[in-house]
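J.: These protein sequence lines map, in sequence, to chains L and R. Take our numbering: the last position of the first sequence gets the number 489, and nothing is skipped along the way. Take our numbering: the last position of the second sequence gets the number 504, and nothing is skipped along the way.
By construction, these hints were calculated from the structure, which means they are not laboratory data. These numbers come from a predicted model, not from an experiment. Be aware that one or more of the hints could be misleading.
Stated by the list, open to error - Straight-line distance between alpha carbons at most 30 Å, and here's what the computed BS3-like set of lysine-lysine pairs gives:
(1) R/Lys71 <-> L/Lys336
(2) R/Lys441 <-> L/Lys387
(3) L/Lys387 <-> R/Lys311
(4) L/Lys426 <-> L/Lys396
As the list claims (entries may be wrong) - Covered stretches of chain R, going by a simulated chain L footprint (3 or more residues, C-beta under 8 Å):
(5) 381-389
(6) 477-486
No residue lacks a Cβ here, since even glycine has one placed at the ideal position from N, Cα and C.
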Amino acid sequence: MLDQFIGRFHPLLVHIPIGVLIVAIGFDLISRRRVFRSLEPSVPALYLIGAVGGVFSCITGYLLSSNGEYATEQVNPHMWMGIGLTILAFFLYLFKQKLKPPSIFSLVLPLISFILLTVTGHLGGNLTHGENYLTQYAPWNLSEEQQIFHLTREELPHAYVYTDIVQPILQTKCYRCHSTTKQKGKLRLDEIEWMLKGGKSGIPSLVVGDPEGSEMIHRILLPLVEEEHMPPKGKPQVSSEELTILRWWIAHGGDIEAIVADLPQPLEVRAALDKLIERGSQVKEEIRTVANADPKVVTALEQRGFIVLPISADQNWLSINTLNVDELSEEDWDLLGKLSPQVVSLKTKGVSLSAKSLEVISQLTELQELSLNHSSIQDEELTKLKDLHNLQSLNVTATSISDQGIKAILDLQNLEKVFVFGTDVSQVFSDSVNDSGRIFIERGGYILR
Amino acid sequence: MSRKKDHIPLSQEAFLQNITLQTRRHFLRKCSLALGGMALGGLLNSCGQDTTAMNGVQNLDRFLSPKSPHQTGKVKSVIYLHMAGAPSQLELFDYKPLLHKLDGQSCPPSLLEDKQFAFIRGVPKILGPQAEFKQRGESGAWISDYLPNLASIADELCFLKAVKTDQFNHAPAQLLMQTGHARAGRPSMGAWVTYGLGSENFNLPGFIVLTSGGSNPSAGKHVWSAGFLPTVYQGVHCRSKGAPILFLDNPEGMSRKLREASVDAINAINEEAYETFGDPETLTRIAQYEMAFNMQVEVPKVMDITKEPESILELYGASPGEASFANNVLLARRLVENGVRFVQLFDWGWDAHGTEKGTALDFGFKDKCREIDRPITALILDLKQRGLLEETLIVWGGEFGRTPMAENRNGVNMPFKGRDHHPDAFAMWMAGGGLKKGYVHGETDEIGFHAVEGQVSVYDIQATILHLLGLDHEQLTYTFQGRDFRLTDVFGTVIKEILA
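Looking at chain L on its own, in the form it has when it is part of the complex (with noise of 0.2 Å):
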């Protein structure tokens, strides 16, 4: 115990050295130079200082990885180049105040005091802040999200519950302090046998079948205020979809063999499971921009009652809404056609569909939400829409269609709903649709007792 609370005082301790020896090199260097030969009679006491500086450190740094939170391999690389860097700094001090070295190393040695200095301070740094603490942020590497859960819709039911979805929960969350280059508490979360193990207080994190008994979900439960909730407060946190991915894995036995299908699903899992699906594929939509509409179109569409609105305040996807329009002339739709780059969301209701309006309406490539409910559209001019690959929602109740227009768009990759209440589509139509895959139709026509 004691010696964990003096090794502790490692990360203070070593801010002498690397201060004073930086000064210390700094000063050796420049004093060179006859305009600063006056800094040179405090050179070798900084050398000492820094020296005995180093000493301490050492001997904190040896007391703080003996606790075995830190893998050896880290560790040894740091420790030896430090301890190397005390020597140097004393053997520094010596020549300067006493022996008179040859002129080559009165240059080599500091400089090769720097080097030791940067490598080692920096590898205290991957100890405690891990590997990529310095290059995280940095602007070249924004562009990636921390987001390793890359499975789609289609590959979910086949997917490995651990590997594929369990892992990259674990990976983003815990790794960082529990895995190989680290173990805090003496826990590794990264293979089964260590979580069933537990760390230095005994209790394991992972009990199969039971997900309450799982110290890692106990943790994750305790209020944020408690010390021993996990993750540590100011670390990103489990979110309720990610807990109750474990909480579902765990009671089905943790089984790293097993894939989604073969586990029951409850509600909430297959919500969960699509909010990771959805934020999966939505890093790489949000991340979508569009240049902005050309203003002259827009006011020329809202002089006529249209209603053209960026989706929120800070983007400019646009979604337009003919409900003020009483009739849509060809000039309105060469408009709407002048705003495809931008339009996400289109809603009509009523409107009698020309040749034109069709056409404008299949360029509209980025449309992902299309409403023509009360229009005038025929299955045929349903395959007019196939170029829509963007389109997610396509709402067409109260119209004539039939099953025959719904099956040319069946097609569409993103196409999730489709409205047809009112319409000609079948029961029996529907009923293989929803059945079958992502797309779902709904018929409506509810009936209450």
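Guided by the hints, dock chain R onto chain L, whose structure is given.
T.: The following block gives chain R in isolation, referenced to the frame of chain L:
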């Protein structure tokens, strides 16, 4: 609307009338006062500024122009179903089997000390739940048999079971829930939302209020007022029986064309008045006249539920021509479908004290539940089938909850079963876009007295509603009386746990 030339004689007349009011006496008095006033105004830097202009609300054309939210919102409209009087959560959503066991026993003193009750005096007795509870749907949410239809769609709902307020009487509690302050004078939620987002239909108000149950809520019209916001954001109270909006129609013999000409004339004079006096309410008045003119055609069209097919009327249990909650709910769907931003329904009569049969938990209250059960379920299903559910937020709740103890007004046991007001823990639910479906947030103790987990305040709910619309509740402010006001006052955090 074009500005026709025939109103010039009218404005000239108004001008002449004005100047005859200015006598020599007025002139002399004004000179001295005005010079001093100008000096003071200059010192205070307030000359030529009015709160509306200061807040950037100066669009003569359309106050209610739709605007982008601060961040991408999940929903575009809100339907708020407020059960005025406070429905009993213990008979609807918060199942407490322990209350069955303790039924009839005296309430332990620890629960009574330091507590101020509205009507309970002395030591009341615990009252067991009067309804049968079951877990519903895949989510296993507890819903009683008083709401069988709603129970069938339990998986669409997101429950908040530990809501807390600090007001135990109706009017202040309703004001707190709707305006963020227990005293009258602040803008209501609908006003804030339309101030922040405008409204999509140019011919309908952005904030519409529908009442049922026979009476306005206890807090009266304050709960849909615009407070200090320009009055254009005030809730427009519509009726489901008779003329939808009073005094909207033209009087006998006045054609629409004539109405248009007179509105033009009035507005031209008003615009000149605004330029002279700078009163922001003039702008509101201009906007209201224009809106009213447009509404004359649009409102009867939208509010006419006879246009709905029989199957839909059957689904809601609506009967055209009556003043009923079901009609109001169907109207709410039609309004939202036509671009109205905020529709608020107030249903009166939920105050189940048990003083008489009409307010008894097993009689009057049960009837009220039956009355709302079908329409609310129909609303959610109807929005769902029209593809509107994901962009609409439905909120259901009262202004506080009811006590686990039976009410004993003035210390006397009452003939009917009822509960007193209980601000410490009650239940609300939300449905629609941006929310986790089939989710329960918050939990109360075994007798439903205190919250033990996931407690949320009224401000948290307001912040969450604004968040779902894409509005940051801390950024949606209005400067008034020297400081920035907002719906959530200085409180409220978004309830992230219920967000999908």
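J.: With reference to the structure, classify each hint as holding or not holding.
T.: Status of the hints after comparison with the structure:
no. : hint                  : verdict
1   : R/Lys71 <-> L/Lys336  : 18 Å, holds
2   : R/Lys441 <-> L/Lys387 : 25 Å, holds
3   : L/Lys387 <-> R/Lys311 : 23 Å, holds
4   : L/Lys426 <-> L/Lys396 : 16 Å, holds
5   : 381-389               : holds (count 6)
6   : 477-486               : violated (count 0)
Checked against the numbered hints above, the structure breaks only hint 6 and satisfies the rest.
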